[in-house]
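Engineer: Protein chains in written order, with numbering that gives the first Met the number 0: chain A, 0 to 366; chain B, 0 to 432; chain C, 0 to 274.
Just so you know, the hints here were simulated from the structure itself, not pulled from any lab data. Don't take each hint at face value.
Said to hold, decoys possible - Derived DSBU-like pairs (lysine-lysine); straight-line CA-CA distance at most 35 Å:
1. Lys245(B) <-> Lys236(C)
2. Lys132(A) <-> Lys101(A)
3. Lys325(B) <-> Lys6(C)
4. Lys245(B) <-> Lys257(B)
5. Lys12(C) <-> Lys257(B)
6. Lys245(B) <-> Lys12(C)
7. Lys257(B) <-> Lys273(B)
8. Lys17(A) <-> Lys101(C)
9. Lys187(B) <-> Lys245(B)
10. Lys236(C) <-> Lys187(B)
11. Lys107(A) <-> Lys73(A)
12. Lys101(A) <-> Lys101(C)
13. Lys236(C) <-> Lys220(C)
14. Lys273(B) <-> Lys236(C)
15. Lys167(A) <-> Lys353(A)
16. Lys101(C) <-> Lys73(A)
17. Lys341(B) <-> Lys3(C)
18. Lys325(B) <-> Lys236(C)
19. Lys220(C) <-> Lys245(B)
20. Lys73(A) <-> Lys17(A)
21. Lys236(C) <-> Lys341(B)
22. Lys273(B) <-> Lys187(B)
23. Lys132(A) <-> Lys325(B)
24. Lys167(A) <-> Lys132(A)
25. Lys101(C) <-> Lys21(A)
26. Lys257(B) <-> Lys236(C)
27. Lys353(A) <-> Lys279(A)
28. Lys12(C) <-> Lys325(B)
29. Lys341(B) <-> Lys325(B)
30. Lys341(B) <-> Lys12(C)
To be verified - Facing chain B, a subset of chain C residues (Cβ under 10 Å, in silico):
31. Gly11
32. Phe22
33. Ala86
34. Phe91
35. Phe124
36. Ala144
37. Leu202
38. Leu212
39. Met228
40. Ser246
Since the model is a prediction, treat every value here as computed from it, not as a measurement. Think of the CB as a built atom: it goes at the ideal place given N, C-alpha and C, for glycine as much as any other residue.
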Amino acid sequence: MARVALENVSKLYPGNVKAVDKLTLEVRDGEFVVLVGPSGCGKSTILRMIAGLEDVTSGTVTIGQRVVNDVQPKDRDIAMVFQNYALYPHMTVRQNMAFALKLRKVGKEETESRIRATADMLGLSELLDRLPKALSGGQRQRVAVGRAIVRQPAAFLFDEPLSNLDAKLRVQMRLELARLHNRLGTTMIYVTHDQAEAMTLGDRIVVMDDGVVRQIAAPTELYDSPADLFVAGFIGVPQMNFFAGTIEASATGVCFRADAGFELPVSAEMAGRLTAYAGKPVTLGLRPEHIGVSESEQRGSGLRIPAVVDVVEAMGSESYIHLHTGNTSFVSRVDAHRRFEPGQECLQAVFVEKAHFFDTATERRIE
Amino acid sequence: MKEQRITWRNLNRTWVVFAMLAPTVVGVAIFSYTPAIEAVRHSFYEWDGRFLENFNGLDNFRRLLGDLGLWGPLLLYGFFAGLASLLSRPRLRRACRAVALVALAAFALAAGGDLVAVWHDADAVQTTPLYTAAGLLSVAALCALGAVRGRVGRGAAFMRFLALALPFVAGLTYIISVRRLGDWLLWKSFSLIFVLVAANMLKMWPSIFVAVCIHRLRSQRWQYVYRVLFVIPLIIPQMVALLIWKFFYDPNVGPLNKFLTATHLDSVLIWLDKWVWHLGVFTEPFRPAWLADPELIVPALIFWGFPWVGVVGVLIYLAGLQNIGKELYEAAELDGVGSWGKFWRIELPLIMTQVRLNLVLLIIGTFQAYGFQLVLLGPEGGPRNVGLTPGLYMYFQGFIEQRYGYACAIGLLLFCIILVLTIVNQKYVRVEK
Amino acid sequence: MSSKQAKRAEIGKHTLVVLVLLFAFIPLLITFVISFKSNQQFAVAPLTPTFPLHFENWAIGWETISGYIANSIVISVLAVVLTLVPALLSAFVFARFRFPGKTVLWYALLGLLFMPGIMNLVPLFTLLRDLNMLNSMLALSTLYAVGGQVFCVFVLRNFIEDMPQDLFEAAQVDGASPLQQIWSLVIPMSGSILGTLAILRFLASWNSFVMPLVMLSSQYKQVIPVGLMRLDGEYIKLWGPMMASFSIAAIPLVIIFLFTMRLFVKGLTAGAVKG
Ligand SMILES: Nc1ncnc2c1ncn2[C@@H]1O[C@H](COP(=O)(O)OP(=O)(O)O)[C@@H](O)[C@H]1O
Ligand SMILES: [Mg+2]
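Same shape as in the complex, but just chain A (with noise of 0.2 Å):
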């Protein structure tokens, strides 16, 4: 077991492809730390610079107390889980995770001991002298995951490697992998697409965008205040709205005026960091949990905004209310009792003490 640190890591593709810039992120021993990103951001690139499958351009890498920058990936004691699951094709099950302790000169006894242990605790025991063509895609990925613990190494690396599976199936498998982890208490490093994925498993969570990172921190910190717009647009199903418009700062108080057309008065806590802001354009960021509709004007604290509804989304315990004011579209999440028609004329509260206030010109939360 060991912790892993990267320090101002960056690299360059030949092509003079920027993938990661100036990276640094310590990931501390038994941690499970989820990389998270849209596609391209290269969250796969500094998997396999940890892995060694890749060199660094520049920076360094560190697994336990060791700078592994020119060590070899196998001499690295870590085990990875690739998206493909990259079994041997022609190997069972068994040959499959037998390989790497093989390679290792690990005693024929204590192979079948681990392979055993790991076959139970996964519920492969069944199917270890199946070739992997023989096996469906959820038994496919405990192999691969299989093969990795056998190795008992100092940390996993996993790469986006529920992505093959079906939805269920990827919720599923989320489980488990969280309970193998408080099981063997590794140290483990997942990328993944799916903030999902990400706020379930993750111990803490590097959001990232285009080789640079946003923000880490652990799920709920990352949800409750977002380091940015990207964050703040990455993290949350259905995804907060943004509303652009200014701050006006007068002698009855502070208020936020939308491009959209509504005020919004600003809750006293704020008020005072946003007097700085007056005049200069501001982004608004409102969950869709965060306001609430109503036809009549009865409910719910802070302002009201007149909305007109374009589409509901039913998802059975709660609905997503589409909805917009000027030419500013938005989504409400509300309690899945409540009936609206597309067409509807209503009334929008918001929560103002729940609002996000960015920087529109850095991108960075006001806070």
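Following the hints, put chains B and C with the ligands in place on chain A, whose structure we already have.
Structural biologist: Chains B and C with the ligands only, in chain A's frame:
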């Protein structure tokens, strides 16, 4: 592509990788590149492979091609004209065409002077080919005119191609036929190549037909069976096949003559020879020596391998045919396309890649081939050298006459020709991977 | 199309294919028939079977060419090994690594595919003479190996690049060196390609006769094609033993094909060797 990067810096870690390359690289360097370079070098030498090794400049080529003053401009013209048709950038293309025209003018001057100088010697100048060359030139001029007027479209491109290619052919005709310059045996061997390649173009059809027949069989099982059966002839060593064919042609005991006599076709041939061909090869008693009679060698070579179904050819065509989707056939069926229609409109166009590839390989192969003729006809290519191929001629000059330098020069010439063919192949015969 | 018509068309196709196959096999048949004849029988009826069968022809034939066959087997097997082992190694390097000069080296190799072998013959002869390697079977195998090298590297590189690349990365993380990756991944997964290439190279070496004719001078080192050629060139031909020798010369290939037929049919028809 995720490749691992290896540099010289971390050599202590990565030397294994370079070591893995070493056997191939060293082997190829010693046994392919060294001899090739030596061959090029020695084409400028008088060399008997042992003691005599004198640099003699372009003498070998002079002897091979004749007057280099004529060849130089013509080759330059050919090179730049070819380059012009290969390049895609208009400005470069125009520049190349300009250089080509200058070279052509130089050639015209040289040829004109040459002609004036030898005109009084009636024997040296052959008039018929001279007219042919002139005719070719005028056609080229017409094409050039057409190309200029009709700017766009495929027609214009073809005209342009002809306008560039025909002057080269005319020049070749002049040098080779009118002035009879250079090594006459070499030209003779080239003419044999033309005959053989033309014959081979016809001889590739049976393989295509057979492949299509197998492909169209309903039953997958039979398709597989035939495919296996077609592999079997590969087990016959080529030398055995060759010697069996030789036996087949044997004048006294060979099955061919026996067959002709038995079916009384012999009297037909004798009658034809007496009244139509006047060759004097088919006479009573009927014992034509197919591989020893200069008149019969080329026909015998052409008939060789009847019914001309190449095993590997069939398998490769089959591979191509298998890529044709079933829907295509069904669509054709719905459109009411018949058997022939399917062959011409669907199957042939879709295996054209393989056909053209085969054709080009065949031409290149014919140029190089000499083992076959060596066994059958001996190093001189049989009586009156009728079966002499360029490759065999090189073998003859090198290993029989001990003129290794000259043989190398012939080899270099062949290499250039094959290179041109290969480039043309790369440019015009796209082969999908 | 009525089913009757369809059936007739089907029969037509079968007939044509079978006829062609017959033509391909007739020479074999004739050889076989003649191999049991004495010269007298041959003079009377060269093509039809005659009795008694002279089995001793095969014994004589075997006596005459067994040495050639042994030489051919040694040289061809050696050539296949010497071709495929280096080809596999360098194909793997070309497929999996990026190194300075890679492109140049690759085109330098590919260029050899277009170099007419014929141009090299004379200097190759003198080169071997200078290296004191003339008249050596090992040297001949080496020449075949180098000759087939580029084609095999080309085919194998394409194959390795078409394999899922993360298999190699997984193996790397698992601790496999390049050699171990070749041994435990490439070789098991490329069975049919390797087999097809091996057979093709074996056939090429087996059939080649100009090289041995030029490079080998000792009679006892000669290979089968040259041996057969000499046999055919004798002034007084013993047709029976000669044809028996022809038949015997095919036996090693028959044996090989019996074992590898399926592989080969698959490899060739899959277009693995389209070039
Ligand atoms: N071998 C390579 N050569 C050049 N560019 C690459 C290579 N691999 C990845 N990239 C680029 O680097 C960026 C990051 O890729 P990657 O780490 O695979 O993203 P992801 O976050 O989807 O896993 C992408 O823009 C990709 O195009
Ligand atoms: Mg990725």
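Engineer: Take the C-alpha atoms of Lys101(C) and Lys21(A), compute the straight-line distance between them, and say whether it is at most 35 Å.
Structural biologist: Cα-Cα ~30 Å, so holds.
Engineer: Is the straight-line distance between the alpha-carbon of Lys341(B) and that of Lys12(C) 35 Å or less?
Structural biologist: OK: Lys341(B) and Lys12(C) at ~15 Å, within 35 Å.
Engineer: Sort out whether Lys341(B) lies within 35 Å of Lys236(C), counting only the CA atoms.
Structural biologist: violated, 52 Å
Engineer: With chain B as the partner, please determine if Ser246(C) meets the hint condition of a C-beta pair closer than 10 Å.
Structural biologist: OK, holds: Ser246(C) within 10 Å of chain B, min 8 Å.
Engineer: Would the pair Lys12(C) and Lys257(B) pass a check requiring their Cα atoms to be no farther apart than 35 Å?
Structural biologist: holds, 30 Å
Engineer: Per the CB criterion, is Phe124(C) less than 10 Å away from chain B?
Structural biologist: holds, 7 Å
Engineer: For the hint on Met228(C), does the least C-beta distance to chain B fall short of 10 Å?
Structural biologist: Holds: closest Cβ of chain B sits about 6 Å from Met228(C), inside 10 Å.
Engineer: Starting from Lys325(B), check that the Cα of Lys236(C) is at most 35 Å away, please.
Structural biologist: Roughly 55 Å between the alpha carbons, so the hint for Lys325(B) and Lys236(C) is violated.
Engineer: Verify the proposed pairing of Lys273(B) with Lys236(C), using a straight-line Cα cut of 35 Å.
Structural biologist: holds, 34 Å
Engineer: Once the shortest beta carbon distance from Leu212(C) to chain B is found, is it less than 10 Å?
Structural biologist: It holds, given that the least Cβ distance between Leu212(C) and chain B is near 8 Å, below 10 Å.
Engineer: Would the hint linking Lys101(C) and Lys73(A) be met if the CA-CA limit is 35 Å?
Structural biologist: holds, 25 Å
Engineer: Between Lys245(B) and Lys257(B), is the straight-line Cα distance small enough, at 35 Å or below?
Structural biologist: Given pair Lys245(B), Lys257(B) holds - Cα atoms ~14 Å apart, limit 35 Å.
In the structure shown, a violation is registered for the earlier hints numbered 18 and 21, in ascending order.
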